[in-house]
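Two chains, two separate frames, one set of hints: put the complex together.
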Amino acid sequence: MADRHSSRRSFLKTGGLLAGMSALPSPLRAAVESAADNPSTTRTYAYPNAGRIAIVHHPNAVLGFNNVDQQAVQYMFDQGIMQLAGIFTSPAAALASFFPGLSTTKRIAIKPNFLNSVVPTRKELMKAVLNRLTQMLGGFPASNITIYERHTFSSVGYTTSYFGHNVNLVYDASFPNLGYTIHCNGKNRPYSASLHNADYLINMPVLKDHSCGSDLNLTLAFKNHMGTVNPGGSLGIHCDKKAILDIMASSVMTSKQTLVILDALYAVYNGGPGGNPQATPQKILLSQDPVAIDAQGRILINNLRTSNGLGSKNATYIDQAAAAPYSLGIADPALMQVISVALPVDLVAFTATQERGMVVLRWRTESESNNAGFVIERSIDGHTEWMDVGFVASAGNSTQLREYRFEDSAAPLRERRSLFYRLRQVDHDGGTEHSSVVEVALQLDEAAWNMEQNYPNPFVHDTDIPLFLPRDAHVHLDLFDSAGRHVRNISSASMPAGMHYMHVAARDLPSGTYRARATVEGRVQEIQLIHTR
Amino acid sequence: MLFRTISSIVLMLACVTLAGCDKSDSGSNPDVLTITDVLPKENEISGWARISGTQWKATNPSELQAQINGGSELYTNHGFVEAAAQSYSGSVNAVSGVSCDIQVYDQGSESNANTVFDDPNNVFVNPITPANPPSAKAQIRKDLFSWTMKFVKGRYYVLLSILSSDDKAQDVLTVFANNVAGKIK
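Note that the protein sequences, when read in sequence, are chains B and Y. Count along the first sequence from 1, add 2, and you get the number used in my numbering. Count along the second sequence from 1, add 2, and you get the number used in my numbering.
It is possible that some hints are incorrect.
[Said to hold, decoys possible] To give a feel for the contact side, a few chain Y residues facing chain B, derived at Cβ under 8 Å: (1) Thr-61; (2) Ser-64; (3) Gln-67; (4) Ile-70; (5) Gly-72; (6) Leu-76; (7) Asn-124; (8) Val-125; (9) Phe-147; (10) Ser-163.
Rather than coming from a laboratory, the hints here were simulated on the basis of the structure. No experiment lies behind these values; they were computed from the predicted model shown. Idealized CB from N, CA, C, for every residue including glycine.
Isolated chain Y (complex conformation) (with noise of 0.2 Å):
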């Protein structure tokens, strides 16, 4: 009775961080609260299916080089916690076949990830404050074929891109960055 209770607040206390966890995106056991949790689902904004075989997890800087080999420093010198990615397949104005992608990191602290989204190896040039930000620290900026936005919630620090020149582009970053804010408290 005793270990259900504790296990009962435990869990309440993951959703508090990880608000809007839906358990059946959990695997078998619905109970399990993890990172990838936070990842829009299938179609969960609209249009927007997940491409198989792109999700990935890492909960240790190993796991992490072998995603993103010596790109991973960047985070493993900033309390790197775990890190979940995924990425989409979906339509912008149209032109569909447009993959984007969602790289979710927890630094441990707030402090960390701001650390992460300060470094001078991150800078974004000529960033942008999106129109209806994810959160109170984000950024957007636009490549040669890209939208890029990177922003903080939390402990969490959020890298999302979306391969389409297109103006709409930034519309649809800005719809991924706020499903994946409203999950973090």
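Just chain B, same shape as in the assembly (with noise of 0.2 Å):
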């Protein structure tokens, strides 16, 4: 499985760009500002990819006091769990990755936090995830997923008809004894039953800080469980470092929580865990390291903190967490690998792709005003020798989503390995802005088409195999068992140019190892699924 992951982002990466982007929404500015050598390589820790963690920012995603685009959070979770996973056929493939063993009888809890009902883990977030959770396995099914707070769900607009998915909201905040419990600091104290009863967890806190003393002043990933696990009553352990950090480490939450993903939109970074927003960071973190999501959280408060004239935060619970003996995920920011995604302000999405002999962009803006166009500018290796190849004029001020469109049909297909795009946006006054820059990977022979590994795989109904054509083909691919023997055609038809997802029902079919094999213009390409039951 290893060597598949690996060929799989080997082929993304080289040519990924290109595959991805013909069925996705947009690329983006994705950097690695900073990488270990696989740090989780060296040393082990608790929670799985420490300090790999997604940050994703989104100028427009806030439009005012309880007030966010739904649109612009859906594309952010979906470039962020994309890029965290390093997956990007879909956001859901990307999210159940993050699900070891997942099938549709899996039941999935996720806390959000709205103690401060002002400022919550908001709707639009938890209905992006909602849609891309429902979106797995071809069909995840929403009565599997729970989501317990013990806060009232009304107060933050949490219903089923809005999240348009009938997830369980259950207001879990009675904490009965029912036998199961988590040691914290001496203390066995029962949890919520919703996590009890589920098979995976996803933690989904608010950037606040909070006036638990110097060593617990954040309420993040780990504070958040002050309400998975109960910590009222005479002996109360809200304020309890030891506390948290034993929940963080416990069997229950090291097995089960696979997924921490912040709500950044809105921020209190003073006077916390209740109050009005005092920023809007407009971002969202992703990782499956509490500890690397709450040492970012850190930054991000004392960076607020600090550029108010306030003093830092020390939230020692982060370092503590990192270190032996609880060595649960990586505090450093200097050892993290941090994929910053980001958008040029009212740019949403900037696409290239190959397509018949062309290369295709396309692009969309959220609001524009005193913009005379777009000139379209093209480079062989992306910094220098930039030349204009075209203009595309703006369809005028707008406040709306606008689509663009722009072939370059002289593009050097046949000279390069890969092409470099990016648009200067120009105003009527002679103002122009660079938007990010784009890279389209050619594919320049036959070999070009390409069979990526089945997804999910193992599987146990039905699983789909990414197919990229860089131009119309006839596609003939059968499905063997282990034997050899013919089980079934899968396709023989033509195709057109781009991405294919070839969906394999084998609800009928033995377990089993099979092979996919393809044959595209004369070549043959394999892959080997894994059929369970």
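Right under this line is the structure:
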């Protein structure tokens, strides 16, 4: 499996921009700001992919007080989860990769935070996550998803009608002792029945500071579980550092918590956890490592505090969580692999794909004013010798999403391995602004068509085989069992250029190892599929 | 007779502490005085109505934790006795539906209330001294979408916020603050 993952990501790295962008809403400006040499290989941590974190920023996600652009947030989540997973076939496929052994009978719990109903885990972000969760495996049942919190849902707009998914909204505040507990700081404390009944957990905290002393003065991924575990009573553990470290280190958490999504659309950086929004970072942070999430959250909070003349929050629990004996994750930003995903102002998508002998550029704007149009620039290396290859006039002032398209039919497709494009937005008064740069990895020869590893794999009932065609072609795709017997034909048809997902329904097939063999333009590729029950 | 006299003295002392307590807002027993009596009543401040279901009261740390979770430590570390809160809805500069929240904390002593006010985790950024302040120890600040005020009067620490960034919102906060402060002697 590891080799296959490596192979898959290698293809995506070289040709993925081309392949992925033909099917997805946009590419993005994703930069690895700092990266250790895979720190998790040199030290063992309690949570997987320690230190790997995606930070997504959208300049127009927050429109005002209690006013968030659902479409922008969906876009942020989709881009972030694909970047974090390194899987670009679809956001749902990327998301599914964080749930090992996932099947449609498994149950997922989600812990948001709306202690402060003015600055809660935004319903728009929750909806974005639910939209993709329910697309996993070709249709993960919403009824297997439970959102639990010990504060009322209605005050923050959490309803199944808003979400459009019939998920379970559980007001989980009583914490009866039903025989399952988490041991924290010398006490066995009951925890949420919703989590107990789930196979996986998504932790969705909010960017807020806290008034708990100096060791625990942020309320992020760790503190959010004061609500998973009963924090109250005469021996309350609300501000008990040892307790929250023990909770995150518990086998319940390390075995179930597979993803942390920090909602940093709004922020409270002073006087939290209550109070009104004090800033709009317009970010979401995604990681499997709760320590990395809280460490990056600490940076965000302290940057806000510093710029407002306030001292830094120590939140020493983060550093203690990274150190032995806890070793839960990585707190040192220098050791993290930070994937920064950002978009230029107003330009919400900019993609470039090779299609039928030309490069097609597509972009969208969220709003335009005083915009004369866009000059399209091309470079062979992305750094020098940018040349103007076309101009697209603005459609006029707008506050609505606008779609643009440009075909570069003169692109030197046969001369380069890749080409680079950027937009130069020109104002009516002559001002200009450049977009980020997108790269088109060119498919140069007949070997350019490619079949990727199926997803999911292993699979229970259904799976999809991604297949990329650089041009129209006849695709012959067959399935064989481990003995080499022909099981069925999946496709024998002419198909247009682009990315295709060949669906394989195998409910009627016995468990075992199968091979899918694709023949396109006389060349054969095979992959191995594992069917389980 | 003796019992009735002692009861009257206790009541008088309570009213000295919570001056202006209006018995009409004290539930079925008009002689019971609680911290909720300092909260402005329905339309006591013209144009501002109580939002139903938003009042809470806490008389011990556990009850306070149930309301504000770990945010309670700021108060329970410094002599917390009891607290009450209420939200109101009204207009600011012709914009209706603006909410204003008040939280009143009895910290047992003025010294404790001052400590809460000055706690490093409770510092106001760019604090403004309000015009017509409710007490000698009062600050107001503007946040992204709101104004917040804190003040100390006697053993009470009071926190008010209004969800409007309009400059006129700080006038509303000052009216609320002075109303509350006027009931605390």
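How the hints compare with the structure:
With 8 Å as the threshold, the beta carbon of Thr-61(Y) stays out of range of chain B, its nearest partner Cβ sitting at about 14 Å, so the hint is violated. For Ser-64(Y), the suggested interface contact is upheld, since its CB lies about 6 Å from the closest CB of chain B, less than 8 Å. Hint status for Gln-67(Y): holds, given a least beta-carbon distance of 5 Å to chain B, under 8 Å. At about 6 Å, the closest approach between the beta carbon of Ile-70(Y) and any beta carbon in chain B falls short of 8 Å, and the interface hint on this residue holds.
Contact between Gly-72(Y) and chain B, as hinted, is supported at the beta carbon level, the nearest pair being about 4 Å apart and thus within 8 Å. Below 8 Å, beta-carbon pairs count as interface contacts, and Leu-76(Y) has one with chain B at about 4 Å; its hint therefore holds. Among the interface hints, the one on Asn-124(Y) holds; its C-beta lies about 6 Å from the nearest C-beta in chain B, closer than the 8 Å criterion. The beta carbon of Val-125(Y) is positioned within 8 Å of a beta carbon in chain B (closest approach about 6 Å), and the interface hint is therefore held.
Taken as an interface hint, Phe-147(Y) checks out: its beta carbon lies about 4 Å from the nearest beta carbon of chain B, inside 8 Å. Nearest Cβ of chain B to the Cβ of Ser-163(Y): about 6 Å, under the 8 Å cut. The hint holds.
Violated hint: 1 only; the structure is consistent with all others.
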